[in-house]
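Chemist: Chain by chain, the residues:
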Amino acid sequence: MTTVAREEFTDVWIRGWGLWILLGMAVTLSSVAIGLAYTSQINLLDAREGLAILVRISLGVGLLLAAFAAADAISGERDRSTLECILLTPTPPRSLVAGKLVVAFVWWLAAFVVSLPYLWAMCVGLGGSAALVVAGIIGALLAVTLTAVAGTASILSRSNLHAFGFVFLITGVLAVPGLLPAAMMRGSIGSAVLRIDPVAAAQHVINTVIVDQQPLADVVTWMISPVVGAVVAVAVVARAARRIALEPRS
Amino acid sequence: MTALRFVVLFGVLLGAALLPAGPRVGAQDVTVAVEPPTADVTIGEEGILVVTITNHGQTSSGPLVAHLVVMDPKGGGSADAEDWTTELNRVVDSLAPAASHTIAWDTKPIMAGDYLVVITVAPVDPGNGSASVSPVVRFTVGQPSLLVSGATIPVSVAVPLVVVAGAVLVRWREQRRVASL
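Those sequence lines, one after another, are chains A and B.
Mapping the first sequence onto this note's numbering, position 54 (from 1) lands on 54, and the numbers just tick up by one.
Each number in this note's numbering comes from the position in the second sequence (counting from 1) with 250 added on.
Rather than coming from a laboratory, the hints here were simulated on the basis of the structure.
Predicted model only: the values in this text are computed from it and were never measured.
Note that the Cβ used here is the ideal one computed from N, Cα and C, for glycine as well.
Any given hint could turn out to be false.
Away from chain B, derived, C-beta distances all over 12 Å, residues of chain A [claimed, not checked]:
hint, residue
1, Phe68
2, Val176
3, Leu216
4, Val219
Here are a few chain B residues that face chain A, going by a calculated C-beta distance under 8 Å [stated by the list, open to error]:
hint, residue
5, Pro313
6, Val315
7, Ser406
8, Val409
9, Ala417
10, Val420
11, Glu424
12, Gln425
From just these sequences and the hints, can you work out the full model?
Modeler: Structure below.
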């Protein structure tokens with residue numbers, strides 16, 4: 001796993017476009033931060049709501065980068081016709097997948113590190129260290145979940161197009177309940193969906209801790225689905241990675 | 251005798267005709283309660299005033315109209331209630347005796363300061379009594395903690411520059427390493 005991870009890391013972050021993509025993210029975050037700060041007098045955006053917006057954007061970008069990197073892990077090698085060569089190496093399939101997914105997870109980690117100064121700048125005067133803690137915990141759990149789900153899709157997909165399409169679909173499905181108006185999700189079914197969906201539960205935690213200033217202990221039950229989601233997703237990808245087919249049937 | 255009966259009957263009918271069609275309660279029999287009694291909010295923060303209109307009269311109240319009034323006790327600032335709420339007037343259907351109607355009145359103050367807010371309820375039909383007024387709700391409207399951090403601009407400029415510097419340094423070291431092979 002270490003050898004695969006090292007090679008992947010070098011390909012992405014030293015020889016590849018990793019740092020330049022990160023630069024794009026930094027420029028985006030700069031624009032959003034300046035926009036939020038200097039229009040708040042006009043739109044009366046409360047500081048905590050602005051901070052929550054920045055946390056969501058930084059998490060969202062990092063998670064998408066990690067998910068699409070994971071989706072490219074195996075099906076990308078199939079598309080480039082390099083999977084056969086990789087499978088001929090003595091590396092066990094699970095180590096191969098684990099190495100690639102660890103580097104995919106690094107995408108989220110790098111995005112989070114880049115976003116930390118912005119979050120700190122927004123936290124000035126708000127005593128918002130809880131925002132950084134929440135962003136870190138929630139982001140890590142969701143990154144593990146999405147990376148593992150995308151990795152599974154990549155193993156089972158015939159091409160990158162299928163894997164990317166699946167990741168796009170699953171990300172949308174998970175994100176939608178948290179974006180619906182609160183009035184629509186007020187019933188018992190809506191509330192259950194919000195608790196079961198890891199992304200929606202994460203959004204609830206961000207709102208409660210950052211905007212409503214409630215202690216993290218008050219929303220600890222909302223962390224169950226992100227934790228369970230991460231554990232289940234890792235178990236599924238570990239099972240799927242036992243054997244990597246050169247040409248999967250589905 | 252017949253003529254006397256006719257006169258009495260005519261008098262009864264005339265008296266009945268002169269009476270109002272149905273005695274209705276005046277709005278003075280209508281009370282207006284409002285919760286909460288005080289509100290400490292920031293500019294742009296949405297709040298809900300729960301207004302309960304009750305008919306304490308013996309007969310129906312007739313249609314009523316409720317109106318939000320915002321007053322600046324200092325008299326200097328603008329306190330235009332139209333800026334505070336999406337619906338300045340709310341029409342209430344006739345209330346039966348002892349019946350109540352509750353309105354959730356959304357408010358969103360637009361200027362900082364101390365304000366007095368009352369709800370007046372007046373009868374729509376003419377000759378149906380005077381207006382009723384709710385207790386005063388004392389609003390204290392503060393400035394929100396806006397996102398004006400002195401660190402935003404330096405961070406927004408510095409982070410992309412650091413990432414560029416890192417990317418250039420990594421690329422330069424890699425090129426040197428490849429060249430030395």
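Chemist: Give a verdict on every hint.
Modeler: Do the hints match the structure? See the list:
Under the 12 Å C-beta cut-off, the non-interface status given to Phe68 (chain A) relative to chain B holds; the minimum distance is some 20 Å. With a minimum CB-CB distance of about 25 Å to chain B, Val176 (chain A) clears the 12 Å threshold, and the non-interface call stands. Listed as a non-interface residue, Leu216 (chain A) keeps its Cβ farther than 12 Å from every Cβ of chain B; the least gap is roughly 21 Å. For Val219 (chain A), the requirement that its beta carbon stay farther than 12 Å from each beta carbon of chain B is met, with the minimum near 22 Å.
Taken as an interface hint, Pro313 (chain B) does not check out: its beta carbon lies about 29 Å from the nearest beta carbon of chain A, beyond 8 Å. The closest approach between the C-beta of Val315 (chain B) and any C-beta of chain A is roughly 28 Å, which is over the 8 Å cut-off, so the hint fails. A cut of 8 Å between beta carbons decides the hint on Ser406 (chain B): the least distance to chain A is about 4 Å, and the hint holds. Nearest Cβ of chain A to the Cβ of Val409 (chain B): about 5 Å, under the 8 Å cut. The hint holds.
Interface restraint check for Ala417 (chain B): the shortest CB-CB distance to chain A comes to about 4 Å, inside 8 Å, so the restraint holds. For Val420 (chain B), the interface hint holds, the least distance from its beta-carbon to any beta-carbon of chain A being 6 Å, beneath 8 Å. The beta carbon of Glu424 (chain B) is positioned within 8 Å of a beta carbon in chain A (closest approach about 5 Å), and the interface hint is therefore held. At about 10 Å, the closest approach between the beta carbon of Gln425 (chain B) and any beta carbon in chain A exceeds 8 Å, and the interface hint on this residue is violated.
Of the numbered hints stated above, those contradicted by the structure are hints 5, 6, 12, listed in ascending order.
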